[in-house]
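Trainee: Line by line, the protein sequences are chains R and P.
Take the first sequence: its letters are residues 46 to 244, numbered as in the working numbering.
Take the second sequence: its letters are residues 46 to 244, numbered as in the working numbering.
If you are wondering where the hints come from, they were derived from the structure by calculation, not from laboratory data.
All residues carry an ideal CB built from backbone N, CA and C; glycine is no exception.
Some clues are possibly wrong.
Unchecked claim - If you anchor each label on the Cβ, the simulated ranges turn out as follows: (1) Lys101/R x Lys244/P: 46 to 56 Å; (2) Lys147/R x Phe75/P: 31 to 41 Å; (3) Lys147/R x Tyr174/P: 40 to 50 Å; (4) Asp153/R x Ser104/P: 50 to 60 Å; (5) Gly84/P x His225/R: 35 to 45 Å; (6) Lys179/P x Ala111/R: 23 to 33 Å.
Unchecked claim - The calculated SDA-like cross-link candidates involving lysine to any residue, where the alpha carbons are at most 25 Å apart (straight line), are: (7) Lys179/R x Gly84/P; (8) Lys207/P x Phe75/R; (9) Lys114/R x Gln82/P; (10) Lys77/P x Ser173/R; (11) Lys101/R x Tyr174/P; (12) Lys101/R x Asp103/P; (13) Lys159/R x Lys77/P; (14) Lys114/R x Asp103/P; (15) Lys159/R x Thr148/P; (16) Lys67/P x Arg166/R; (17) Lys66/R x Asn129/P; (18) Lys77/P x Thr212/R; (19) Lys114/P x Arg166/R; (20) Lys77/R x Leu238/R; (21) Lys101/P x Ser100/R; (22) Lys77/R x Lys179/P; (23) Lys66/P x Ser173/R; (24) Lys101/P x Ser104/R; (25) Lys159/P x Thr148/R; (26) Lys159/P x Phe75/R; (27) Lys179/P x Ser100/P; (28) Lys66/P x Gly149/P; (29) Lys114/P x Ile98/R; (30) Lys77/R x Asn177/P; (31) Lys114/P x Arg87/R; (32) Lys77/P x Val115/R; (33) Lys67/P x Glu163/R; (34) Lys66/P x Asn129/R; (35) Lys114/P x Gly106/R; (36) Lys236/R x Glu161/R; (37) Lys114/P x Glu70/R; (38) Lys159/R x Gly136/P.
Protein chains: 2
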Amino acid sequence: MPTYVLNNAGFHFRCWGDHLKKPFEDVNPFKKVPAVQDGDFRILESCAALRYIASKYDSAGTWYPADLKVRCKVDEYLDWQHLNTRTHGLGYFVNMTLVPMKTGTEPDMTVVQKHEEELGRVEDLFASYFLNDKPFIAGDTVTIADLQAACEFEQPQAAGYKLKTATKEYLERVRKAVGHGLYDELHAAPKDLVKAMKK
Amino acid sequence: MPTYVLNNAGFHFRCWGDHLKKPFEDVNPFKKVPAVQDGDFRILESCAALRYIASKYDSAGTWYPADLKVRCKVDEYLDWQHLNTRTHGLGYFVNMTLVPMKTGTEPDMTVVQKHEEELGRVEDLFASYFLNDKPFIAGDTVTIADLQAACEFEQPQAAGYKLKTATKEYLERVRKAVGHGLYDELHAAPKDLVKAMKK
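Extracted from the complex, chain R is given alone in its bound form (with noise of 0.2 Å):
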């Protein structure tokens, strides 16, 4: 499981459903991933704690960039997505691994092509519309948008999701500029997962 993503808040799952019980019940009553520690300041919003870390630790503003306009896009995509890529990507990504998982059964085909022919429609309003030509979400440099992008987009994948060729080209951008050596462990558990699964 991608223990990575709550190492901050200081636990460590062991199994999926972990999350939906105490003692993480207590870092975080909303029983989700991810929850991030900064001091004594929690956030319990992965899009919330990205913001919050890059206006904090990113001096030079690259991250969220301050400019009003390109900031707006940064958040209109952070914002679109819960709805969008989030919900089918992680939809997709769920049930065709964790839920088989815990139950012992096959996925259910019904509701992982409902996920599927959803997240292609995604992949077509992304493309069109977010990215409109340019390399990344708020233009020719990488930010938080992308980040979330990137995660929502490679877990389908590690489950056998065919992303589009556009798709597939702006993630191989996005890891470039992350850093291939960075990205691919950033991107590791989905895909980790996967394999175990098939063993």
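On the provided structure of chain R, position chain P as indicated by the hints.
Mentor: Quick look at chain P alone, frame taken from chain R:
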């Protein structure tokens, strides 16, 4: 219908479903409301629009405070609400009003009751985590997070959902902070719709 949500982008709804087709599809390819226009700059997500408008026009920084920790708590609610207050508040309202109006049938109470149950859970988390004995989400003063929360609680209430006392008291604090006249004007649309249905 709530024409005010798009007055700003020069588009007036005539009936439910207008947002799903042209010419609105050209305004917002996501086929969702609102769409906000500031000069030649268009914003298609409500939370991104609230952040942008507050950052650009509220020089006092009241609505979206610059202090990183306070701002993070505003962002945390704005991120959380998508799959919680928004999903179930809007879900209750739409399934009690717009869907029956469109289809000419009675509300699907199985769907409505699911949103009703979830909205009860949302109200409890909202009170215990986001308010946690404070008057507003970010502390002692009203912010854009409270504007968003008020919309999401007022809609199901207009359609018959019985809010808990703590939520009603919170909405009254937001109403007082915004100003009774403006608040009532902003929240008139869902109430007017329900009145029109009863005629």
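Trainee: Quick one, are Lys207/P and Phe75/R close enough, alpha carbons at most 25 Å?
Mentor: Status holds; Cα separation ~23 Å.
Trainee: Do the alpha carbons of Lys77/P and Ser173/R lie within 25 Å of each other, as the hint requires?
Mentor: holds (16 Å)
Trainee: Between Gly84/P and His225/R, does the C-beta distance stay in 35 to 45 Å?
Mentor: holds (40 Å)
Trainee: Measuring from beta carbon to beta carbon, are Lys147/R and Phe75/P in 31 to 41 Å?
Mentor: Given about 33 Å between the Cβ atoms, the range holds.
Trainee: Would you mind confirming whether the straight-line C-alpha gap from Lys66/P to Ser173/R stays at or under 25 Å?
Mentor: holds (18 Å)
Trainee: Check whether the Cα positions of Lys114/R and Asp103/P lie no farther apart than 25 Å.
Mentor: holds (16 Å)
Trainee: Given the hint of 50 to 60 Å, is the C-beta distance from Asp153/R to Ser104/P inside that range or not?
Mentor: holds (53 Å)
Trainee: Given the hint that Lys77/R pairs with Lys179/P, test it: the Cα-Cα distance must not exceed 25 Å.
Mentor: Measuring from Cα to Cα gives roughly 24 Å; hence the hint holds.
Trainee: Within 25 Å, alpha carbon to alpha carbon, are Lys236/R and Glu161/R?
Mentor: Holds - the C-alpha atoms of Glu161/R and Lys236/R are around 18 Å apart, at most 25 Å.
Trainee: Is the straight-line distance between the alpha-carbon of Lys114/P and that of Arg87/R 25 Å or less?
Mentor: holds (10 Å)
Trainee: Hint check: Lys77/P vs Val115/R, CA-CA at most 25 Å. Holds or violated?
Mentor: holds (22 Å)
Trainee: Is the Cα-Cα distance between Lys66/R and Asn129/P 25 Å or less?
Mentor: holds (19 Å)
The structure does not agree with the numbered hints 3, 19 stated previously, though it agrees with the rest.
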